Amino acid sequence: MKSAVVQLPGLNRDRDMIAALTKISGKAPITIWQTETEIPDDVDLIVIPGGFSYGDYLRCGAIAARMPVMQAIKEKADKGVKVLGVCNGFQILVEAGMLPGALMRNTSLKFVCKEVKLEVVNADTDFTRAYAKGQIIRCPVAHHDGNYFVDPETLAGMEDRGEVVFRYAEGTNPNGSLSDIAGVMNRQGNVLGMMPHPENLIESAHGGSDGRGIFASALDVVAATA
Amino acid sequence: MTVTLKNGVLDPQGKAIEGALGSLGFSGVGQVRQGKVFDLELDGTDKAKAEADLKAMCEKLLANTVIENYTIAID
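Residue numbers (numbering that gives the first Met the number 0), protein chains in the order written: chain A, 0 to 225; chain B, 0 to 74.
In short, the hints are calculated from the structure, not lab data.
Keep in mind the model is a prediction, meaning the values are calculated, not measured.
Glycine included, each C-beta is placed from N, C-alpha and C at the ideal position.
Among the clues, some could well be false.
Unchecked claim - Calculated cross-link-like contacts (lysine-lysine; reagent style DSS-like; alpha-carbon spacing at most 25 Å):
| hint | chain 1 | residue 1 | chain 2 | residue 2 |
| --- | --- | --- | --- | --- |
| 1 | A | Lys109 | B | Lys14 |
| 2 | B | Lys5 | B | Lys54 |
| 3 | B | Lys35 | A | Lys109 |
| 4 | A | Lys73 | B | Lys59 |
| 5 | B | Lys59 | B | Lys46 |
| 6 | B | Lys35 | B | Lys5 |
| 7 | B | Lys59 | B | Lys48 |
| 8 | B | Lys59 | A | Lys78 |
| 9 | B | Lys35 | B | Lys48 |
| 10 | A | Lys109 | B | Lys5 |
As the list claims (entries may be wrong) - Distance ranges between label pairs, derived from CB positions:
| hint | chain 1 | residue 1 | chain 2 | residue 2 | range |
| --- | --- | --- | --- | --- | --- |
| 11 | A | Ala155 | B | Leu9 | 15 to 25 Å |
| 12 | B | Gly18 | A | Pro151 | 23 to 33 Å |
| 13 | A | Gly161 | B | Lys5 | 22 to 32 Å |
| 14 | A | Gly170 | B | Leu41 | 49 to 59 Å |
Sequences and hints are given; from them, build the entire structure.
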C-alpha cells in the first residue's frame, strides 16, 4: 500500500499527515506538488491535507481545485484510487466537484479550534472499517469554513446510500453543519472528505489515538495495528 | 459580475450584518445577503462574446453554483 500527500502553497498540515501515514503504515508517503500532472501508478491512497491553500482567496479550496494536480487526482479517483481530503482538503474536493455539497462559513463566524465527538455513521467503507457502526470517537477540529451544505434531495440520496460517514455527536457540532455532517464520501466509496483532523490524534503524545482507525482502514493495515 | 448566496442557503455573515444594522438604529431591515462583486476589463467590443465569456468564468470559477447565484452586467 503506497500513499501520497499533496502539497500546495498555503497547505500547512502536510507534515502532520506525512508523520501519521509514516507511523501507521511504516512507509513514508511520496509527495505530489501542485503542477504535477501524473501520479505514479503504484499509489493506492492520495491524501489532501489541511491548511489555507492559496490563502483561501475567492472561496476555501476554489483555486486549488482548479490546479493541474487536481485533474490528475480526479483521473486516479475515477480509476478507483482512494482519496482522503481533510479540512482544506475536504473543501478542495467539494470545489473540484469530487464530492457533493459546499462548505460555508461557520454559523458562529468564528474560527473554531477544539476537540469534538464524531459518530461513525457508516463503518462499512474503505476509510472506516477499523471502527464499529455508531462508535463515538474524539477528534480535533480547526477551521473557519466547515459548515456543510447540500440541497435536500441530494442529501436524502446520500443518506440512503450511506455516504454520510461521520456526524458530529453529543451536541458538539462546531460550525452549524447541516444534519451535523462532519464527513462524506462519493458514490463509488473511494473519495472521503472530512473537516476534523484525525492525523492529530494518532498516538499517546496526542492524548489519544482515536483518529488512527481512518488511516489504518485506508492503508489496509487494520489487522496489523489492531 | 455579482455573486450572492442562493435563497434558502443560510448566510451567517448576512445575518450578522443584519443584526449590526438593527443595532445602529436602522429599522425595517431584513434578509441581508452578503455577496461578491468582480469588476473586470475585457478586450474587444463584441458584447455577445463578452457575455458568454463572463458566464463561463462565473460557472467555472467565480461562483460556486451549489450555493451561489450570479448576475452579469456589461457597460
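Status of the hints after comparison with the structure:
1. About 14 Å separates the Cα atoms of A:Lys109 and B:Lys14, which keeps this hinted pair within 25 Å; it holds.
2. Of the pairs offered as hints, the one joining B:Lys5 and B:Lys54 holds, with about 17 Å between alpha carbons and a cut-off of 25 Å not exceeded.
3. Under the criterion of a C-alpha separation no larger than 25 Å, the hint pairing B:Lys35 with A:Lys109 is consistent with the structure, at around 20 Å.
4. Under the criterion of a C-alpha separation no larger than 25 Å, the hint pairing A:Lys73 with B:Lys59 is consistent with the structure, at around 16 Å.
5. Taken as a hint, the B:Lys59 and B:Lys46 pair is honoured in the structure, with Cα atoms around 20 Å apart against an allowance of 25 Å.
6. Proposed proximity of B:Lys35 and B:Lys5 is supported: the alpha carbons are some 13 Å apart, at most 25 Å.
7. Between B:Lys59 and B:Lys48 the CA atoms are separated by roughly 16 Å; this keeps the pair inside 25 Å, and the hint holds.
8. With a C-alpha separation of about 24 Å, the suggested pair B:Lys59 and A:Lys78 falls inside the 25 Å cut-off, and the hint holds.
9. Only pairs whose Cα atoms come within 25 Å are accepted, and B:Lys35 paired with B:Lys48 is accepted, the gap being roughly 23 Å.
10. At most 25 Å may separate the alpha-carbon atoms for a hinted pair to count; A:Lys109 and B:Lys5 meet this at roughly 22 Å.
11. For the pair A:Ala155 and B:Leu9, the supplied restraint of 15 to 25 Å holds, since their beta-carbon distance comes to about 19 Å.
12. Distance hint check: the CB atoms of B:Gly18 and A:Pro151 are about 27 Å apart, consistent with the given range 23 to 33 Å.
13. Evaluation of the 22 to 32 Å hint for A:Gly161 and B:Lys5 yields a pass: the beta carbon distance comes to about 27 Å.
14. At roughly 51 Å, the beta carbons of A:Gly170 and B:Leu41 sit within the given window of 49 to 59 Å.
In summary, this structure violates none of the numbered hints.
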